[in-house]
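Enquirer: Sequence:
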Amino acid sequence: MGSIVEPTAVASHLPYSPNTLFSLAGRTIAITGAGRGLGITLAAAVLEAGGHVACIDILPAPSELEWASLQAIAKSSNLTVTYHRCDIIFEDEVSATLDLIADTGAKLGAPLMGTIACAGIQQKIPAVEYPVDGFRRVMDVNVTGTFLTIKHSARIFMKEGTKGSVVMIASMSGQVANRGLTCTAYNTSKAAVQQMCRSVAQEWGAHGIRVNTLSPGYIRTAMTDGLLAAEPEVEKTWMAGALLGRLGAPEDFKAPAVFLLADGSSWMTGADLRVDGGHCASA
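FYI, in the working numbering the residues of the sequence shown are 1 to 283.
Please keep in mind that the hints were generated in silico from the structure rather than gathered at the bench.
Computed from a prediction, not measured in an experiment: that's the story for all the values here.
Think of the CB as a built atom: it goes at the ideal place given N, C-alpha and C, for glycine as much as any other residue.
There could be a bad hint or two in this list.
Result set (DSBU-like, lysine-lysine): computed pairs, CA atoms no more than 30 Å apart in a straight line [said to hold, decoys possible]:
| no. | residue 1 | residue 2 |
| --- | --- | --- |
| 1 | 236 | 107 |
| 2 | 236 | 163 |
| 3 | 151 | 163 |
| 4 | 107 | 124 |
| 5 | 236 | 151 |
| 6 | 75 | 236 |
| 7 | 124 | 254 |
| 8 | 75 | 254 |
| 9 | 75 | 163 |
| 10 | 236 | 159 |
| 11 | 254 | 151 |
| 12 | 75 | 107 |
| 13 | 163 | 124 |
| 14 | 163 | 107 |
| 15 | 124 | 151 |
Cβ pair distances, simulated, as ranges [said to hold, decoys possible]:
| no. | residue 1 | residue 2 | range |
| --- | --- | --- | --- |
| 16 | 20 | 180 | 42 to 50 Å |
| 17 | 208 | 130 | 20 to 28 Å |
| 18 | 228 | 60 | 42 to 50 Å |
| 19 | 77 | 237 | 14 to 22 Å |
| 20 | 179 | 96 | 26 to 34 Å |
| 21 | 90 | 68 | 45 to 53 Å |
| 22 | 103 | 278 | 39 to 47 Å |
| 23 | 236 | 191 | 22 to 30 Å |
| 24 | 76 | 132 | 28 to 36 Å |
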C-alpha cells in the first residue's frame, strides 16, 4: 500500500491565515512603468496591502496628481514610496536601480521580495508599413527591458536567498489578435513575455522564485485614451466583446497583482492570469 502524506507535512508550507494570504507587510516591491497609469495604480495596491514600494520609470518625474495620492497612502500607513528614473533597455541602469532598491529595503527591514514588470509601449501601425526601427523599439522595451528587469530581480533574490515573486504584465493580445487594431509588434512582444515567463519559471523554481504573467484585456489608460479619442470606432469594436458591459480600469488589476505577489499564490508559477472582462470567452 502506498505511503500517505501526513496533513501536517504539507500544512507547514501553506499560508492559512486570512491575514497573511494577501498581505505584503515587511516587503519591498519594485514596479517598472510606475510613473503613471497602470503601474502607479499597482503601486497603490502594494501600499494598501502593507508593502513598501519602489516606482521605476523612464519619465523624469511621476504624474504629479497620482504621485501625491500615492504619498498620502504611504504616509497614512507609515510606509515608504520612492521614485527611480531608469531606462529599462539599458542593463547597467536596471542592475544599479534594483540594487539600490534592495539595499534600501534591507535597511528598512523590508527586503525586496517582489517585482512587477509593467513598463511597456504600444504602436498602431499596419504591418506592411511598419518601420523596422519602430518594431525593434517595441521589442527592446517590452521584451528585452522586461527580461532585464526580471533577470536582475532574480539575481538579487538568489543572492539573498529570498523566495521572491515576479509578476510580468503581459496582455490578452499575446493570445489573440485585437479587432480594429494593427499592433503586430505589440502583440508579438506580449506573446514573447508569456513564453519568457514559462521559461524562467522552470529555471528559477528550484530557488523558490515564482514567476507569473498578468494579462489585461482592454483598459482605459493614458496610452489607450489617445487612441480612442482619435478613433472612436475602435471603442465600439471593443465594447462589442465586453461581456460585462464596460472596459477595464487600472483599479481592476490591483487585487490580481497583490494575489500574485502575496503568499496566497504560493503554489502558482509559470502561469498566466488573464483578466479581460470575458473578452476572450467569445468569438
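Enquirer: Now look at each hint and say whether the structure bears it out.
Expert: Evaluated hints:
Between residue 236 and residue 107 the alpha-carbon distance is near 50 Å, which puts this suggested pair outside the 30 Å criterion. Simply put, residue 236 and residue 163 have alpha-carbon atoms about 44 Å apart, too far for the 30 Å limit, and the pair is violated. Taking the CA atoms of residue 151 and residue 163, the gap is near 14 Å; set against the 30 Å cutoff, the hint holds. For the given pair, residue 107 sits about 44 Å from residue 124 by alpha-carbon distance, which is inconsistent with the 30 Å threshold.
Taking the CA atoms of residue 236 and residue 151, the gap is near 39 Å; set against the 30 Å cutoff, the hint is violated. The hinted pair formed by residue 75 and residue 236 fails the criterion: a straight-line CA distance of about 41 Å is larger than 30 Å. At roughly 27 Å between alpha-carbon atoms, residue 124 and residue 254 fall within 30 Å of each other, so this suggested pair holds. In summary, the hint linking residue 75 to residue 254 is supported, as the alpha carbons are separated by about 19 Å, within the 30 Å threshold.
At most 30 Å may separate the alpha-carbon atoms for a hinted pair to count; residue 75 and residue 163 meet this at roughly 28 Å. Of the supplied pair hints, the one linking residue 236 and residue 159 is violated, its CA atoms being roughly 50 Å apart against a limit of 30 Å. With a C-alpha separation of about 24 Å, the suggested pair residue 254 and residue 151 falls inside the 30 Å cut-off, and the hint holds. Simply put, residue 75 and residue 107 have alpha-carbon atoms about 18 Å apart, close enough for the 30 Å limit, and the pair holds.
With a C-alpha separation of about 38 Å, the suggested pair residue 163 and residue 124 falls outside the 30 Å cut-off, and the hint is violated. Under the criterion of a C-alpha separation no larger than 30 Å, the hint pairing residue 163 with residue 107 is consistent with the structure, at around 19 Å. Distance check on the hinted pair: residue 124 and residue 151 sit about 29 Å apart at the alpha-carbon level, within 30 Å; holds. Restraint check, residue 20 to residue 180: a C-beta distance of roughly 43 Å satisfies the suggested window 42 to 50 Å.
Restraint check, residue 208 to residue 130: a C-beta distance of roughly 41 Å breaks the suggested window 20 to 28 Å. Restraint check, residue 228 to residue 60: a C-beta distance of roughly 27 Å breaks the suggested window 42 to 50 Å. Between residue 77 and residue 237 the beta carbons are some 41 Å apart, a value that contradicts the proposed interval 14 to 22 Å. Our hint of 26 to 34 Å for residue 179 and residue 96 is violated, since their Cβ atoms are close to 42 Å apart.
The hinted window of 45 to 53 Å between residue 90 and residue 68 is violated, with their beta carbons roughly 29 Å apart. Between residue 103 and residue 278 the C-beta distance comes to about 43 Å, which sits within the given range of 39 to 47 Å. For the pair residue 236 and residue 191, the supplied restraint of 22 to 30 Å holds, since their beta-carbon distance comes to about 26 Å. Judged by the Cβ atoms, the range 28 to 36 Å given for residue 76 and residue 132 is violated: they are separated by roughly 49 Å.
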